[in-house]
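Asks: The residues making up each chain are set out below.
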Amino acid sequence: MKNIDQLERATEARLDALRDEAARNGQVQTAGIKPSGSPLPQSRAEEGYYGNPLLKPPVWTWQVPLYFFAGGVAGAAANIAFVAHALGRDPSLVRMALWIALSGAVASAPLLIADLGRPSRFLNMLRVFKLRSPMSVGAWTLAVFSSAVGLAVVCQETVLRGYTNDVLLALRWVAEAAGALTGLVLLSYTSVLLAVSAIPVWSENRQLLPLHFVASALGASAGILELLGFLNPATNGMAFVAAAVETCLAVSIEMRGRPVDAPVREGRVGWLIRAAGTLTGPLPLLLRIFFARTFGVRRVASVCFILGGLLSRYAWIAAGRVSARDSKILFDLQRGKT
Amino acid sequence: MPISAFLTDPSVCIGCKACEVACKEWNQIPDDGFEWYGQSYDNTHALGASTWRHVLFLEQKQPMGSQLAGTDEPFRWQFLSDVCKHCANAGCLEACPTGAIVRTEIGSVYVQPDVCNGCGYCIVSCPFGVIDRRSTEGLAFKCTFCYDRQAAGLMPACAKACPTQSIQFGEINDLRQRAKTRVEQLQQRGYEDAQVYDPQQTSVGGIHAFFVILGKPEEYNFPPAPQVPTIHLKTAWTYALASAAALLLVVCGAFFL
Ligand code: SF4
Numbered sequence: 000m001k002n003i004d005q006l007e008r009a010t011e012a013r014l015d016a017l018r019d020e021a022a023r024n025g026q027v028q029t030a031g032i033k034p035s036g037s038p039l040p041q042s043r044a045e046e047g048y049y050g051n052p053l054l055k056p057p058v059w060t061w062q063v064p065l066y067f068f069a070g071g072v073a074g075a076a077a078n079i080a081f082v083a084h085a086l087g088r089d090p091s092l093v094r095m096a097l098w099i100a101l102s103g104a105v106a107s108a109p110l111l112i113a114d115l116g117r118p119s120r121f122l123n124m125l126r127v128f129k130l131r132s133p134m135s136v137g138a139w140t141l142a143v144f145s146s147a148v149g150l151a152v153v154c155q156e157t158v159l160r161g162y163t164n165d166v167l168l169a170l171r172w173v174a175e176a177a178g179a180l181t182g183l184v185l186l187s188y189t190s191v192l193l194a195v196s197a198i199p200v201w202s203e204n205r206q207l208l209p210l211h212f213v214a215s216a217l218g219a220s221a222g223i224l225e226l227l228g229f230l231n232p233a234t235n236g237m238a239f240v241a242a243a244v245e246t247c248l249a250v251s252i253e254m255r256g257r258p259v260d261a262p263v264r265e266g267r268v269g270w271l272i273r274a275a276g277t278l279t280g281p282l283p284l285l286l287r288i289f290f291a292r293t294f295g296v297r298r299v300a301s302v303c304f305i306l307g308g309l310l311s312r313y314a315w316i317a318a319g320r321v322s323a324r325d326s327k328i329l330f331d332l333q334r335g336k337t
Numbered sequence: 000m001p002i003s004a005f006l007t008d009p010s011v012c013i014g015c016k017a018c019e020v021a022c023k024e025w026n027q028i029p030d031d032g033f034e035w036y037g038q039s040y041d042n043t044h045a046l047g048a049s050t051w052r053h054v055l056f057l058e059q060k061q062p063m064g065s066q067l068a069g070t071d072e073p074f075r076w077q078f079l080s081d082v083c084k085h086c087a088n089a090g091c092l093e094a095c096p097t098g099a100i101v102r103t104e105i106g107s108v109y110v111q112p113d114v115c116n117g118c119g120y121c122i123v124s125c126p127f128g129v130i131d132r133r134s135t136e137g138l139a140f141k142c143t144f145c146y147d148r149q150a151a152g153l154m155p156a157c158a159k160a161c162p163t164q165s166i167q168f169g170e171i172n173d174l175r176q177r178a179k180t181r182v183e184q185l186q187q188r189g190y191e192d193a194q195v196y197d198p199q200q201t202s203v204g205g206i207h208a209f210f211v212i213l214g215k216p217e218e219y220n221f222p223p224a225p226q227v228p229t230i231h232l233k234t235a236w237t238y239a240l241a242s243a244a245a246l247l248l249v250v251c252g253a254f255f256l
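Chain order of the listed sequences is A and B. According to numbering that gives the first Met the number 0, the first sequence holds residues 0 to 337 in order. According to numbering that gives the first Met the number 0, the second sequence holds residues 0 to 256 in order.
Hints should not be assumed to be uniformly reliable.
Covered by chain B, according to a simulated footprint, are these stretches of chain A (three or more residues, beta-carbon under 8 Å) [claimed, not checked]:
no., segment
1, 77-88
2, 152-163
3, 180-190
4, 206-219
5, 317-331
Treat the hints as calculated values from the structure; they're not laboratory data. The beta-carbon is built from N, C-alpha and C at its ideal position, and this holds for glycine as well.
When you get a sec, could you build the whole thing from the sequences and use the hints?
Replies: Following this line, the structure appears as structure tokens:
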């Protein structure tokens, strides 16, 4: 415990430091004080209370965007595995996609838990099921998805080792289907999580974010398969569609010119979004159009897309932090001025 | 149980911060830094995990009713004690995945500290920027509406400590009526821009801690038309599931290439 004496000294010291800074620069950076000219800082209505942020920024750390990515890849991979299996395509592709889905699921849980303020209480996530809370839906989806793809992998490996019977085969189908179905929710719910929030740049992109997250999940999943040697027309096709969608989205962010999108167009975060958009959009798209038959170039396109997908998840969270700081845009939005 | 409410009336607030202190003492909230923001006499800056009452000190170049400021330029100095709004449709409560945030029998929104796991989703879901995570405990905290005191038949600590009755506590309909009367009174006395801040027309559906304010809500960092984020559930899920279905189609199609 600090005693009063120490506190007082600390406060005085802080005051002295502020006075020093004011004398030196005519302005105090951290608190926005302008002692020169006006002794009284004035609050102006358009900026809110002394221009202080109205909203709280997200507290999420780097684990969350990484989880968004891993969950997206896993969900898409489970669908690729299921469809390939159902259509009777290359069994080694089915096997690899299932393993990717399982790896993504296994990586997701620790990331999600590490971000909690109280990691030891992660099981409280499964205390209730709330359809109205995307976070709750997501936690349950991840739990069911992980179990399903885990079971699917176990069944598959058992079958591949020659132990097989009807029950096992049926179980494998059920597990794969359940993995695919919950995978569809897993790869898309993270966009809902952001869209259903008070942060303007997220909620005002409630139509764009789902498309973006889904396309990004598909492209990254196909890209990982390509890097693992499955350079077939199917993976190329998926990656191509994903890159095409991403190109459209990147262009639309630039073209719309809405003030609420300032965080994703301006400043450091704006450039991150732009870089991510280029890496997942036009760059792999062009590479795949002109070098569809060159495996080396397709691998490069895959690497670009994967990096871009990671970067974009990170940048969208960072954009939320910027958006929370800008009360002026929030006021204009709520007043219907934009 | 009757529904409790706060009516905070800055027109009689003297900026003594007794509410902030009483709140800290009763709820045993740790300090949150001793910063000087240079924003008038405000040294708590904003509501947060460890600031559940925050007295705003608003210095503006504006006249205040017919008051004489004694300055060359028009000038007004106002104080307002901000608090969690205990929304009728609360974003934090809807977002909470653990069920830690509940609606109590007195109508308030309460965070159960033994259930919260610090996921942080309530923080981005509060349209008023109230709730936050305290780094030492890793849990979300905000005004409890002195749930413990009210259960024992006592009024919240801030209302009890307020020497001017700027913070009034009571049954919600009584207080809404009192707020209306007070606004009429103020308007008659020449404070023409007096109004009640209680967004009942938006999806938040009214708040249980409302204010009598002079001028626009923005001046107090109140959102002019707050919305509970769950109004976006339908659009977001529709787009998400439609996009996911499209993904499944693309995957199917790709295998016929
Ligand atoms: S003001 Fe924020 S923290 Fe308080 S009840 Fe409403 S949403 Fe929850």
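Asks: Could you work out which earlier hints the structure fails to respect and list their numbers in ascending sequence?
Replies: Of the numbered hints, just 2 does not hold.
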